[in-house]
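A.B. asks: Here is how the chains run, residue by residue.
2 protein chains.
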Amino acid sequence: MKDRFVVSIDLGGTNTKIALVDSAFSIQQKISFSTKNFFSHRDILISEIVKNVTMLLQQHAMTSRHLKGVGIGVPGLVNFKKGSVYYLPNVPRWKDTPLRSILERKLQCRVFVDNDVNLMALAESRLGAAKGFKNVLCVTLGTGVGGGLILDGRLFRGSSFCAGEFGHMPISVGGKRCGCGGKGCLETYVGNKVILNQARRKLRKKGITLEALSELARKGNKAALEVYKDFAEKIGIALSGVTNLLNPEIIVVGGGLSFAGEFIFKTMKQTIQDRSMPVQAKAVSIKHARLGNDAGLIGAALLVYEQR
Amino acid sequence: MKDRFVVSIDLGGTNTKIALVDSAFSIQQKISFSTKNFFSHRDILISEIVKNVTMLLQQHAMTSRHLKGVGIGVPGLVNFKKGSVYYLPNVPRWKDTPLRSILERKLQCRVFVDNDVNLMALAESRLGAAKGFKNVLCVTLGTGVGGGLILDGRLFRGSSFCAGEFGHMPISVGGKRCGCGGKGCLETYVGNKVILNQARRKLRKKGITLEALSELARKGNKAALEVYKDFAEKIGIALSGVTNLLNPEIIVVGGGLSFAGEFIFKTMKQTIQDRSMPVQAKAVSIKHARLGNDAGLIGAALLVYEQR
Chain A
1 MKDRFVVSID LGGTNTKIAL VDSAFSIQQK ISFSTKNFFS HRDILISEIV KNVTMLLQQH
61 AMTSRHLKGV GIGVPGLVNF KKGSVYYLPN VPRWKDTPLR SILERKLQCR VFVDNDVNLM
121 ALAESRLGAA KGFKNVLCVT LGTGVGGGLI LDGRLFRGSS FCAGEFGHMP ISVGGKRCGC
181 GGKGCLETYV GNKVILNQAR RKLRKKGITL EALSELARKG NKAALEVYKD FAEKIGIALS
241 GVTNLLNPEI IVVGGGLSFA GEFIFKTMKQ TIQDRSMPVQ AKAVSIKHAR LGNDAGLIGA
301 ALLVYEQR
Chain B
1 MKDRFVVSID LGGTNTKIAL VDSAFSIQQK ISFSTKNFFS HRDILISEIV KNVTMLLQQH
61 AMTSRHLKGV GIGVPGLVNF KKGSVYYLPN VPRWKDTPLR SILERKLQCR VFVDNDVNLM
121 ALAESRLGAA KGFKNVLCVT LGTGVGGGLI LDGRLFRGSS FCAGEFGHMP ISVGGKRCGC
181 GGKGCLETYV GNKVILNQAR RKLRKKGITL EALSELARKG NKAALEVYKD FAEKIGIALS
241 GVTNLLNPEI IVVGGGLSFA GEFIFKTMKQ TIQDRSMPVQ AKAVSIKHAR LGNDAGLIGA
301 ALLVYEQR
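Chains A and B, in that order, give the protein sequences. For the first sequence, my numbering assigns the number 1 to the initial residue and increments by one for each residue that follows. For the second sequence, my numbering assigns the number 1 to the initial residue and increments by one for each residue that follows.
Some hints here could point you the wrong way.
[Unchecked claim] Distance windows between CB atoms, simulated:
| no. | chain 1 | residue 1 | chain 2 | residue 2 | range |
| --- | --- | --- | --- | --- | --- |
| 1 | B | 211 | A | 307 | 40 to 46 Å |
| 2 | B | 193 | A | 197 | 50 to 56 Å |
| 3 | B | 262 | A | 90 | 36 to 42 Å |
| 4 | B | 41 | A | 193 | 54 to 60 Å |
| 5 | A | 14 | B | 134 | 44 to 50 Å |
[To be verified] A short list of chain A residues far from chain B (calculated; beta carbon distances all over 12 Å):
| no. | residue |
| --- | --- |
| 6 | 22 |
| 7 | 46 |
| 8 | 65 |
| 9 | 77 |
| 10 | 134 |
| 11 | 189 |
[What the hints assert, rightly or not] Partner residues aside, some chain A positions facing chain B, computed with beta carbon under 10 Å:
| no. | residue |
| --- | --- |
| 12 | 180 |
| 13 | 274 |
| 14 | 280 |
| 15 | 283 |
If you're looking for bench data, these hints aren't it; they were derived computationally from the structure. Cβ coordinates follow ideal geometry from the N, Cα and C atoms, glycine included.
Based on the sequences and whatever the hints tell you, model everything.
C.D. replies: Shown next, in the form of structure tokens:
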């Protein structure tokens with residue numbers, strides 16, 4: 001049985017999911033808990049993770065010695081080599097956390113830590129929408145805008161393992177200050193909050209939610225469509241920059257907002273075609289992510305299996 | 001003697017240089033001619049190249065059979081695998097030219113064709129300012145803005161071999177139409193012509209040249225400094241996007257305008273530090289290109305030597 005299983009962990013800003021994954025990358029069992037209940041201190045959150053991993057293993061009459069390893073994706077910047085978290089923008093008090101060494105001590109097995117969108121990119125490129133493609137940009141549209149890169153077939157992490165921050169490419173010379181410290185970043189134009197503010201203004205509905213906005217857009221409401229068109233155009237502009245710089249074969253888009261409607265994809269595609277150089281524009285396709293909410297867990301398992 | 005030499009060719013919009021390069025990447029002899037004299041037809045330019053290569057070899061009592069191969073860099077988009085030129089923005093009538101097969105037939109030896117800034121990036125990363133670094137962006141500031149990428153130690157070409165087009169990253173949601181077909185590209189803000197127009201307006205000197213502008217800036221002329229500061233800031237904005245997306249260790253900057261003065265580097269550095277994410281900003285340094293005008297020739301020789 002040894003080495004046939006991996007425990008995958010997807011530490012999210014809202015929920016944390018933990019799964020037992022087999023060598024065919026099938027999720028055998030999955031449990032989750034609300035991350036927010038453990039925001040008070042990172043050690044409490046880590047203890048909760050360890051408790052749940054142990055429980056999951058016990059249910060399958062296993063211990064960590066039966067595992068090939070544990071893979072964990074976190075929503076922020078990670079030093080992959082050290083297995084430490086630089087910081088998590090939406091989870092407080094995680095600055096410079098040596099997560100791998102903490103978990104390896106507590107779980108007594110090998111642990112690998114990476115950025116959540118990197119793991120999604122890995123999963124989509126091996127088993128999902130980008131299977132068979134060598135140069136892939138993976139984008140998530142949610143509370144923020146995340147990115148992960150597969151280049152020449154391999155997860156590209158950059159010199160301090162923080163590559164892929166697509167949401168923080170500037171699309172404006174001026175522009176608002178971004179949470180990252182920059183100015184005019186894509187995220188300052190297309191974050192959840194920005195869209196809701198625009199919707200409130202354009203639709204004159206103070207309490208509108210993203211779900212209601214999507215519903216209105218799907219029914220053809222003009223103001224709602226305008227909000228999403230503007231959103232998709234801004235993303236398309238940043239994508240055209242990546243298309244010219246990296247000449248990818250495929251852009252995979254996932255995350256909550258990617259499901260707001262096909263018109264978002266249509267506008268993104270159109271903007272890439274309008275604004276990228278002809279050869280690069282011709283080479284690239286843009287597709288929906290295929291692995292859904294489990295992409296992070298599957299990616300975490302792939303991460304463990306792809307280590308030597 | 002066989003396999004000890006390479007002929008390198010640097011086809012430029014202004015001059016074409018041809019060199020005999022040894023296996024230590026020393027240029028043994030170099031000849032050049034004005035490209036513009038042969039703009040009327042690409043076949044005439046190719047014949048002139050072949051004539052000069054043959055002449056160069058004869059002077060050294062060699063034929064093409066003595067060569068490891070011929071490497072040629074061209075100022076435009078290249079399908080590296082096919083050895084064909086998609087198009088050259090500043091040299092007319094080169095669309096879809098099967099340059100490798102033409103040259104291989106005429107020269108009777110192996111030929112490799114690549115983009116000129118790719119070859120500069122290769123040279124700077126192996127023997128120049130970026131020696132020893134794994135993730136490198138190489139930028140040229142001249143008539144246009146060029147780019148080349150070394151990622152995980154290898155020249156990164158992308159899915160149709162057109163990656164690296166740094167000058168065509170949009171830094172504006174709106175912005176002027178660019179020669180590439182895009183809108184708001186970096187090049188629409190920092191091309192030679194744009195700078196001269198700004199200089200004419202700000203300095204109220206109709207006939208000002210780039211040389212005169214640089215001289216004024218070096219002497220501390222306020223208006224001239226403003227023009228260059230704005231130029232460097234725009235480049236810095238695009239660089240901060242690449243810094244966040246690719247997390248490079250080093251950015252190497254060359255080309256005529258990079259020598260306008262140290263204040264350009266200072267402003268670019270400052271902008272990257274101000275606008276990039278802290279971890280990526282900390283990881284990156286920005287340096288002058290070290291191999292000067294011969295970088296393209298040295299890169300072309302490296303291209304041949306690095307093929308299996």
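A.B. asks: Please go over all the hints and tell whether each is borne out by the structure.
C.D. replies: Here's how the hints hold up against the structure:
Between residue 211 (chain B) and residue 307 (chain A) the beta carbons are some 55 Å apart, a value that contradicts the proposed interval 40 to 46 Å. Between residue 193 (chain B) and residue 197 (chain A) the CB atoms are about 39 Å apart, so this pair departs from the stated range of 50 to 56 Å. For the pair residue 262 (chain B) and residue 90 (chain A), the supplied restraint of 36 to 42 Å holds, since their beta-carbon distance comes to about 40 Å. For residue 41 (chain B) and residue 193 (chain A), the hinted distance range of 54 to 60 Å is satisfied, since their beta carbons lie about 58 Å from each other.
Under the hint 44 to 50 Å, the C-beta atoms of residue 14 (chain A) and residue 134 (chain B), about 36 Å apart, miss the expected range. Every beta carbon of chain B lies more than 12 Å from that of residue 22 (chain A), the smallest distance being close to 30 Å; the non-interface claim holds. At roughly 22 Å from the closest C-beta of chain B, the C-beta of residue 46 (chain A) stays outside 12 Å, upholding its exclusion from the interface. A cut-off of 12 Å between C-beta atoms confirms that residue 65 (chain A) is not in contact with chain B; the least separation is 34 Å.
Interface exclusion of residue 77 (chain A) from chain B breaks down, the closest Cβ pair being 5 Å apart, not more than 12 Å. Distance check for residue 134 (chain A) against chain B: the nearest CB is about 7 Å away, which does not clear 12 Å, and the non-interface claim fails. A beta-carbon of chain B comes within 12 Å of the beta-carbon of residue 189 (chain A); the shortest separation is about 8 Å. About 5 Å separates the beta-carbon of residue 180 (chain A) from the nearest beta-carbon of chain B, less than 10 Å, and the hint is met.
Satisfaction of the interface hint for residue 274 (chain A) is found here, the shortest Cβ-Cβ separation to chain B being roughly 7 Å, below the 10 Å cut-off. For residue 280 (chain A), the suggested interface contact is upheld, since its CB lies about 5 Å from the closest CB of chain B, less than 10 Å. Against a cut-off of 10 Å between C-beta atoms, the interface hint on residue 283 (chain A) holds, since the closest Cβ of chain B lies about 4 Å away.
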